[in-house]
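There are 2 protein chains.
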Amino acid sequence: MTLKGLNTKALKAGDPEPTAAPAGTFRLYNMRFCPWAERALLYVARKGIDVEVVNIDLAAKPEWYFEKHYQGKVPTLEHNGKYVIESSLIPQYLDDILPEDSVLPKDPFERVKQKILSEKTLAISSAFYGLVAAFKDPSVKEEKLGNLKKALNDTEKLFENTYFGGAEPSFADYLTFPFVERVWWVSHIEGFTGFNVKNFPCEKDYPHLTKWFNAMVSRPEISKNIMPIEHALAFLESYKKGAANYDAGL
Amino acid sequence: MTLKGLNTKALKAGDPEPTAAPAGTFRLYNMRFCPWAERALLYVARKGIDVEVVNIDLAAKPEWYFEKHYQGKVPTLEHNGKYVIESSLIPQYLDDILPEDSVLPKDPFERVKQKILSEKTLAISSAFYGLVAAFKDPSVKEEKLGNLKKALNDTEKLFENTYFGGAEPSFADYLTFPFVERVWWVSHIEGFTGFNVKNFPCEKDYPHLTKWFNAMVSRPEISKNIMPIEHALAFLESYKKGAANYDAGL
Chain A
1 MTLKGLNTKA LKAGDPEPTA APAGTFRLYN MRFCPWAERA LLYVARKGID
51 VEVVNIDLAA KPEWYFEKHY QGKVPTLEHN GKYVIESSLI PQYLDDILPE
101 DSVLPKDPFE RVKQKILSEK TLAISSAFYG LVAAFKDPSV KEEKLGNLKK
151 ALNDTEKLFE NTYFGGAEPS FADYLTFPFV ERVWWVSHIE GFTGFNVKNF
201 PCEKDYPHLT KWFNAMVSRP EISKNIMPIE HALAFLESYK KGAANYDAGL
Chain B
1 MTLKGLNTKA LKAGDPEPTA APAGTFRLYN MRFCPWAERA LLYVARKGID
51 VEVVNIDLAA KPEWYFEKHY QGKVPTLEHN GKYVIESSLI PQYLDDILPE
101 DSVLPKDPFE RVKQKILSEK TLAISSAFYG LVAAFKDPSV KEEKLGNLKK
151 ALNDTEKLFE NTYFGGAEPS FADYLTFPFV ERVWWVSHIE GFTGFNVKNF
201 PCEKDYPHLT KWFNAMVSRP EISKNIMPIE HALAFLESYK KGAANYDAGL
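As they're listed, the protein sequences go chains A and B.
1 is the number of the first residue of the first sequence in the UniProt record's numbering; add one for each residue after it.
1 is the number of the first residue of the second sequence in the UniProt record's numbering; add one for each residue after it.
A couple of the hints might just be wrong.
Because identical chains cannot be distinguished in the list, a pair is counted as satisfied if it fits within a single copy or across any two copies.
To be verified - No farther apart than 25 Å at their CA atoms in a straight line, the calculated lysine to any residue pairs in the SDA-like style are these:
(1) 4 - 139
(2) 211 - 168
(3) 150 - 228
(4) 47 - 114
(5) 144 - 5
(6) 73 - 119
(7) 141 - 6
(8) 73 - 123
(9) 12 - 197
(10) 106 - 126
Bear in mind the hints are in silico, worked out from the structure with no lab data behind them.
All of these numbers come straight from a predicted model, not from anything done at the bench.
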């Protein structure tokens with residue numbers, strides 16, 4: 001198990017600050033249901049790095065956390081007394097310090113292509129957050145669902161092989177997965193998206209994306225580290241009620 | 001002169017597509033007044049790369065341009081039949097293919113620090129675009145000016161030396177400069193920002209930023225390649241009238 005402490009309770013305001021991570025080790029400040037933090041989690045898992053995970057309560061952030069991330073967001077990677085932030089930069093940092101097993105390709109054009117792909121698929125993230133607004137205002141759901149389907153459709157057209165990285169997943173695959181997974185989560189809510197969670201998003205309408213999603217969830221670095229769906233649904237339920245429970249399922 | 005064709009008329013819908021840039025050469029699709037494109041321009045100038053600049057009319061984009069950038073935005077770098085987009089990715093690509101004179105530091109933490117700094121200073125960009133909205137709606141000006149001053153103040157606190165890169169400009173310096181320069185441009189409009197263009201933004205209120213701006217404009221890769229202020233003001237005038245003239249000053 002490379003991700004130690006993944007399913008531990010979130011630290012909140014008033015909780016003591018953990019002592020500094022020992023030199024040479026990695027610590028990742030996380031929130032168990034945050035797709036941005038999951039990008040970094042999956043990347044370290046793929047690289048097989050031993051990481052201590054410290055979960056943060058984003059509704060009652062510990063005061064000391066702002067010394068690690070100026071906005072108090074997750075993820076933050078602690079390494080040798082330094083802090084690296086941003087879900088797209090932590091993976092690049094990890095590849096820079098451990099280049100022998102770089103997930104990003106060595107070829108400069110293939111490298112930048114992965115980064116561009118990961119920016120293009122952010123349309124799914126925006127559309128997902130838009131759809132979540134329908135929890136509070138059901139009147140916007142159809143419009144937001146339309147935006148989501150467009151984003152999925154645009155993403156469908158980006159595939160040239162099973163993965164964005166080709167025959168193996170690369171940077172864009174790990175950075176995109178958490179947002180598609182979030183759509184899969186909310187698709188478990190009866191009648192919310194209309195997607196079938198067992199044929200997701202839909203082999204007929206999105207053949208590449210469906211094959212990709214199935215391939216991704218079957219990979220050990222993903223299957224071992226994603227939140228169990230019951231935890232995710234318990235979190236969504238608390239979120240819908242306006243009091244997100246960052247310890248849902250524990 | 002490394003930037004060939006910088007002050008040439010913008011190509012627009014109906015204009016023929018330029019023939020492919022010869023193998024081994026660089027072409028940059030640009031708009032003379034676009035701060036995002038200027039990031040790439042200054043980076044290639046700093047690296048001393050010979051680049052052919054092709055300007056694009058963003059109000060009447062040539063049809064063929066969408067084959068080079070899927071959204072039709074600038075900048076786009078053409079190199080060996082491939083296209084690299086995004087103002088923060090083109091510099092990284094250039095450093096990846098020409099690592100011997102990498103502007104980004106080699107040390108992984110210093111590298112990511114430059115990227116994080118360039119994201120933090122984007123607050124100036126957002127505030128600048130907010131302020132520009134006051135051209136059409138003067139009632140929002142004071143609020144937007146307040147946002148801009150906050151962004152400049154936050155940036156002021158990021159300096160540890162003359163440049164973001166230390167004693168020499170680095171990635172974050174070239175990526176930030178165009179937006180501060182745009183604030184300097186609009187400060188030439190009587191009574192608009194209240195900043196003094198000869199003591200900009202203000203030695204007393206922003207000592208680091210003022211020293212940095214003066215140091216940046218004195219560097220040859222910048223002084224030789226930025227738009228003359230008369231061209232910039234002619235462009236702003238056309239923009240205010242609702243008909244941006246991308247050939248202003250030519």
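Here is how each hint holds up against the structure:
no.: 1; hint: 4 - 139; verdict: neither (42 Å within a copy, 54 Å between copies)
no.: 2; hint: 211 - 168; verdict: within (13 Å within a copy, 49 Å between copies)
no.: 3; hint: 150 - 228; verdict: neither (28 Å within a copy, 43 Å between copies)
no.: 4; hint: 47 - 114; verdict: both (17 Å within a copy, 24 Å between copies)
no.: 5; hint: 144 - 5; verdict: neither (36 Å within a copy, 44 Å between copies)
no.: 6; hint: 73 - 119; verdict: both (20 Å within a copy, 14 Å between copies)
no.: 7; hint: 141 - 6; verdict: neither (33 Å within a copy, 47 Å between copies)
no.: 8; hint: 73 - 123; verdict: both (21 Å within a copy, 17 Å between copies)
no.: 9; hint: 12 - 197; verdict: neither (34 Å within a copy, 47 Å between copies)
no.: 10; hint: 106 - 126; verdict: neither (30 Å within a copy, 33 Å between copies)
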